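Listed below are the residues making up each chain.
Number of protein chains: 2
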Amino acid sequence: MLFSSSPLLIDTLRQRRVKLSYLIDFPAILWSGRANSRNFPANIYPFRASSHFLYFAGFPLENAAIRLYEGRLELFMDNAPKDNALWQGETPQRDQIAELMGADAAYPLTELFNYLEDAATIVVQNPITANEQRQLLNCPLVSAKEPQGIDLELTQAVIHLRLTHDQFAINELRQAAEISVEAHKIGMKATKTAQLEAQVRAAMEGVIMSHNMTCSYNSIVTVHGEVLHNQQYHHPLQPGDLLLADVGAETPMGWAADITRTWPVSGTFSPTQRDIYHLVLKAHDTCIDSIKPGIEYQDIHRMAATVIAEGLVELGILKGTPEDLVEQDAHALFFPHGIGHLLGLDVHDMEDLGDLAGYEPGRVRSQRFGWCFLRLNRPLKPGMLVTIEPGFYQVPAILNNPKNRKKYKTVVNWKRLEQFADVRGIRIEDDVLVTEIEPEILTKNLPTSIAEIEALVQN
Amino acid sequence: MLFSSSPLLIDTLRQRRVKLSYLIDFPAILWSGRANSRNFPANIYPFRASSHFLYFAGFPLENAAIRLYEGRLELFMDNAPKDNALWQGETPQRDQIAELMGADAAYPLTELFNYLEDAATIVVQNPITANEQRQLLNCPLVSAKEPQGIDLELTQAVIHLRLTHDQFAINELRQAAEISVEAHKIGMKATKTAQLEAQVRAAMEGVIMSHNMTCSYNSIVTVHGEVLHNQQYHHPLQPGDLLLADVGAETPMGWAADITRTWPVSGTFSPTQRDIYHLVLKAHDTCIDSIKPGIEYQDIHRMAATVIAEGLVELGILKGTPEDLVEQDAHALFFPHGIGHLLGLDVHDMEDLGDLAGYEPGRVRSQRFGWCFLRLNRPLKPGMLVTIEPGFYQVPAILNNPKNRKKYKTVVNWKRLEQFADVRGIRIEDDVLVTEIEPEILTKNLPTSIAEIEALVQN
Ligand SMILES: [Mn+2]
Ligand SMILES: [Mn+2]
Numbered sequence: 006m007l008f009s010s011s012p013l014l015i016d017t018l019r020q021r022r023v024k025l026s027y028l029i030d031f032p033a034i035l036w037s038g039r040a041n042s043r044n045f046p047a048n049i050y051p052f053r054a055s056s057h058f059l060y061f062a063g064f065p066l067e068n069a070a071i072r073l074y075e076g077r078l079e080l081f082m083d084n085a086p087k088d089n090a091l092w093q094g095e096t097p098q099r100d101q102i103a104e105l106m107g108a109d110a111a112y113p114l115t116e117l118f119n120y121l122e123d124a125a126t127i128v129v130q131n132p133i134t135a136n137e138q139r140q141l142l143n144c145p146l147v148s149a150k151e152p153q154g155i156d157l158e159l160t161q162a163v164i165h166l167r168l169t170h171d172q173f174a175i176n177e178l179r180q181a182a183e184i185s186v187e188a189h190k191i192g193m194k195a196t197k198t199a200q201l202e203a204q205v206r207a208a209m210e211g212v213i214m215s216h217n218m219t220c221s222y223n224s225i226v227t228v229h230g231e232v233l234h235n236q237q238y239h240h241p242l243q244p245g246d247l248l249l250a251d252v253g254a255e256t257p258m259g260w261a262a263d264i265t266r267t268w269p270v271s272g273t274f275s276p277t278q279r280d281i282y283h284l285v286l287k288a289h290d291t292c293i294d295s296i297k298p299g300i301e302y303q304d305i306h307r308m309a310a311t312v313i314a315e316g317l318v319e320l321g322i323l324k325g326t327p328e329d330l331v332e333q334d335a336h337a338l339f340f341p342h343g344i345g346h347l348l349g350l351d352v353h354d355m356e357d358l359g360d361l362a363g364y365e366p367g368r369v370r371s372q373r374f375g376w377c378f379l380r381l382n383r384p385l386k387p388g389m390l391v392t393i394e395p396g397f398y399q400v401p402a403i404l405n406n407p408k409n410r411k412k413y414k415t416v417v418n419w420k421r422l423e424q425f426a427d428v429r430g431i432r433i434e435d436d437v438l439v440t441e442i443e444p445e446i447l448t449k450n451l452p453t454s455i456a457e458i459e460a461l462v463q464n
Numbered sequence: 006m007l008f009s010s011s012p013l014l015i016d017t018l019r020q021r022r023v024k025l026s027y028l029i030d031f032p033a034i035l036w037s038g039r040a041n042s043r044n045f046p047a048n049i050y051p052f053r054a055s056s057h058f059l060y061f062a063g064f065p066l067e068n069a070a071i072r073l074y075e076g077r078l079e080l081f082m083d084n085a086p087k088d089n090a091l092w093q094g095e096t097p098q099r100d101q102i103a104e105l106m107g108a109d110a111a112y113p114l115t116e117l118f119n120y121l122e123d124a125a126t127i128v129v130q131n132p133i134t135a136n137e138q139r140q141l142l143n144c145p146l147v148s149a150k151e152p153q154g155i156d157l158e159l160t161q162a163v164i165h166l167r168l169t170h171d172q173f174a175i176n177e178l179r180q181a182a183e184i185s186v187e188a189h190k191i192g193m194k195a196t197k198t199a200q201l202e203a204q205v206r207a208a209m210e211g212v213i214m215s216h217n218m219t220c221s222y223n224s225i226v227t228v229h230g231e232v233l234h235n236q237q238y239h240h241p242l243q244p245g246d247l248l249l250a251d252v253g254a255e256t257p258m259g260w261a262a263d264i265t266r267t268w269p270v271s272g273t274f275s276p277t278q279r280d281i282y283h284l285v286l287k288a289h290d291t292c293i294d295s296i297k298p299g300i301e302y303q304d305i306h307r308m309a310a311t312v313i314a315e316g317l318v319e320l321g322i323l324k325g326t327p328e329d330l331v332e333q334d335a336h337a338l339f340f341p342h343g344i345g346h347l348l349g350l351d352v353h354d355m356e357d358l359g360d361l362a363g364y365e366p367g368r369v370r371s372q373r374f375g376w377c378f379l380r381l382n383r384p385l386k387p388g389m390l391v392t393i394e395p396g397f398y399q400v401p402a403i404l405n406n407p408k409n410r411k412k413y414k415t416v417v418n419w420k421r422l423e424q425f426a427d428v429r430g431i432r433i434e435d436d437v438l439v440t441e442i443e444p445e446i447l448t449k450n451l452p453t454s455i456a457e458i459e460a461l462v463q464n
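Going down the list, the sequences are from chains E and Z. With the working numbering applied, the first sequence corresponds to residues 6 to 464, in that order. With the working numbering applied, the second sequence corresponds to residues 6 to 464, in that order.
Bear in mind the hints are in silico, worked out from the structure with no lab data behind them. Small disclaimer: the values here were computed from a predicted structure and weren't measured. Watch out, some of these pointers could steer you wrong.
One copy or any two copies: either way a pair holds, since identical chains are not told apart in the list.
[Said to hold, decoys possible] List of simulated lysine-lysine pairs, BS3-like, C-alpha gap at most 27 Å:
#1 K324 - K287
#2 K87 - K414
#3 K408 - K87
#4 K87 - K411
#5 K449 - K197
#6 K412 - K194
#7 K297 - K386
Please build the complete structure, drawing on both the sequences and the hints.
Laid out in structure tokens, this is it:
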């Protein structure tokens with residue numbers, strides 16, 4: 006990893022912890038976690054520090070902790086053992102790192118034992134570090150989703166801060182978006198000569214890797230876009246297929262992008278693919294145009310559902326009025342997931358906290374078909390970054406479900422639907438920053454129009 | 006993942022467990038492990054099943070277990086929940102998988118509770134599954150490196166089997182080698198236009214990814230080859246640099262390759278780089294030529310050390326006779342690591358077991374400088390796959406160490422060494438299968454000669 010600091014970073018980290026000190030009056034200790042071993046201890050998965058740690062510490066330090074109290078930052082980590090230099094080279098020492106992050110003090114990790122009193126924490130993902138957290142703080146700490154007492158207070162304070170992004174974060178998020186845009190363009194260009202999904206994926210992730218970024222999640226690059234979290238890449242590309250690519254980069258400091266585009270393998274959408282693409286794009290554009298402070302994200306979701314229902318009525322696939330159809334959840338037959346989610350240090354930002362971040366206090370997930378997958382349900386505020394990602398899918402598990410066949414017998418024109426068999430899955434996803442004025446689409450340099458996408462694929 | 010089976014796979018799995026039944030007379034239960042969560046539960050690192058599980062089960066099933074007893078194979082896993090189909094598509098059911106692997110019976114995971122009696126196991130890497138192993142078997146199970154009682158007996162039996170490879174394994178290992186060779190060739194070709202290490206890395210890993218393989222370890226692609234496990238890729242490529250790339254593929258069933266080449270960024274080795282490259286290559290060739298059944302791997306290591314010492318004497322860097330220098334560990338100033346290791350399902354095969362696999366029973370690691378990093382110390386047998394990877398490095402932590410400066414004051418011509426400042430690190434690594442006759446270099450399609458490497462880079 007690169008340890009590059011700047012006055013802006015140091016100042017940003019200070020502002021974040023000062024803001025935290027306005028919200029809680031007890032110390033917070035945040036652990037970074039450890040690398041996970043893959044098939045043997047020395048063969049590790051690339052280390053990813055806990056996002057809460059990254060937010061206040063900046064650098065992805067392994068097996069470190071920070072203590073935040075009254076605006077002060079104390080770093081706890083061990084220097085690498087001497088014989089490490091042969092294998093890892095000279096790595097920065099604790100005191101150097103402390104200086105780079107603007108810490109007020111720095112101690113070996115064992116010293117943390119003397120700074121635990123009255124401290125709250127958030128449980129990390131790595132089970133070994135999580136166990137250490139439990140032992141050191143001598144409390145159960147079930148999971149980050151169910152914090153209790155001061156841990157819950159800390160969690161709520163961190164959510165409050167991380168819900169809206171400061172300038173430093175926005176700069177990072179823009180960089181992640183920019184490289185992700187480039188990856189998608191290269192993916193489109195690579196499709197012409199590719200025979201397999203895997204080859205397009207390789208081209209796209211290659212762009213991310215060549216900029217020293219990582220993928221912020223496991224890429225989806227598939228001709229079976231109807232499998233929402235498809236992580237297989239072995240299908241051959243056939244001329245009539247649509248390729249759905251959901252690929253995003255993460256900066257070395259952990260800030261994520263999340264983009265989906267869908268393009269025709271042949272370089273030309275079929276008439277039926279154009280029809281469906283247009284309605285998904287209309288939902289996408291309508292939602293983004295509506296993003297402004299104060300609007301409820303669930304209303305944006307409903308808007309997408311309504312536009313999709315409307316489009317499907319126009320195409321003769323659904324029957325009825327869009328509003329009635331949405332009321333019956335008929336849109337969810339084809340658009341079963343939510344319109345998007347928070348984006349930040351995590352691609353589903355703060356999803357380690359369950360719905361504590363995504364849902365306004367007092368709100369809980371709906372049980373309704375479609376609505377149950379809505380990951381964000383809050384009024385939008387300036388500085389929030391959200392994805393907008395409407396889609397249309399023909400999911401066999403949904404459309405062939407006898408209960409759905411019965412319930413939606415009269416509202417779906419199943420015969421007409423058969424004519425759209427070459428549209429298995431389309432999604433269009435962009436990253437949108439809520440501002441006081443116009444929303445800023447961080448991923449706007451990647452086209453969404455059929456003409457521009459076809460041109461990129463044909464190139 | 007792909008579930009493709011074949012009569013050869015089913016027969017191979019049966020042979021492996023029948024052989025196991027000749028070695029132990031109690032049941033063995035092997036767990037596959039779980040995916041590790043990265044920054045939130047749904048954002049996981051790509052799942053890698055435990056290698057011991059893969060050896061007997063073939064497929065990388067998540068959160069599954071197999072019970073092996075008297076040549077029988079019983080599979081324990083849960084079918085995916087129904088609503089999983091929306092996110093993951095239709096996945097094969099337990100009974101189908103059982104058939105594909107030739108299992109004798111298949112049960113839900115909870116049934117495992119009734120099959121635990123007298124069973125031995127090997128602790129997996131994933132801490133959550135490891136904890137389940139401990140709870141279910143009601144025993145401490147410290148780590149895979151320190152098995153006790155029947156767990157130790159099982160471990161020794163598995164080592165016995167996995168030390169030499171059957172035909173199915175060799176086919177897989179050849180495929181991993183072939184794609185890794187291709188990755189290195191593309192890496193060499195990509196160097197011409199690359200500005201950063203990261204770009205070469207991306208080109209190389211792109212080849213692996215585009216063949217639906219994964220990296221068997223975190224790639225090393227660096228102009229600072231003297232940092233042995235360098236996993237940073239941010240350095241710019243300068244014309245006078247050597248680029249060291251240690252990159253290997255792993256097949257979907259988990260079989261690994263491990264290749265290192267070192268090439269000049271400019272396409273032409275400098276005279277000093279040629280000199281050192283030649284001596285590393287001579288060590289490489291000498292070692293490979295010596296591989297045959299019965300030879301001690303530590304003698305091959307000593308051979309490499311001697312050839313390197315000899316070459317450094319010829320270049321005027323070391324003073325004395327090669328044998329004396331090796332006796333004093335002077336070679337380790339420049340070749341501090343071991344000549345190689347076992348290769349199979351793990352890139353350092355069975356290193357989860359500590360030295361139980363790498364070291365013949367009764368042998369322990371030397372404390373001596375250089376020798377302490379020898380990972381394999383056994384007589385070779387037909388069917389073993391080992392790496393041969395001599396190197397030359399100028400490691401500041403070693404060469405600037407005052408103790409070494411003093412101890413080796415008279416044997417190193419430090420002034421002469423300064424003339425080789427443009428050689429920070431060179432390693433040449435191939436994967437060599439021990440056979441009754443000639444050793445088979447699985448990675449032989451990747452050239453090692455200066456002329457051929459320069460041609461590939463210049464292309
Ligand atoms: Mn998304
Ligand atoms: Mn190796």
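Hints versus structure:
1. Taking the closest pair of Cα atoms, K324 and K287 come within 27 Å of each other only inside a single copy of the chain (19 Å); across copies the shortest separation is 77 Å, beyond that limit.
2. In this homomeric assembly, K87 and K414 come within 27 Å of each other (Cα to Cα) only across copies, at 22 Å, whereas the closest approach inside a single copy is 71 Å.
3. Taking identical chains as interchangeable, the C-alpha atoms of K408 and K87 lie at most 27 Å apart only when they sit on different chains, with a minimum of 14 Å there against 65 Å within one chain.
4. For the homomeric pair K87 and K411, the shortest alpha-carbon distance between copies (19 Å) is at most 27 Å, but the shortest distance inside one copy (69 Å) is not.
5. Taking identical chains as interchangeable, the C-alpha atoms of K449 and K197 lie at most 27 Å apart only when both belong to the same chain, with a minimum of 24 Å there against 32 Å between chains.
6. When the C-alpha separation of K412 and K194 is checked against a cutoff of 27 Å, the pair qualifies neither within a copy, at 43 Å, nor between copies, at 59 Å.
7. Proximity of K297 and K386 under a CA criterion of 27 Å is satisfied intra-copy only: 8 Å inside one chain copy versus 70 Å between copies.
In the structure shown, a violation is registered for the earlier hint numbered 6 alone.
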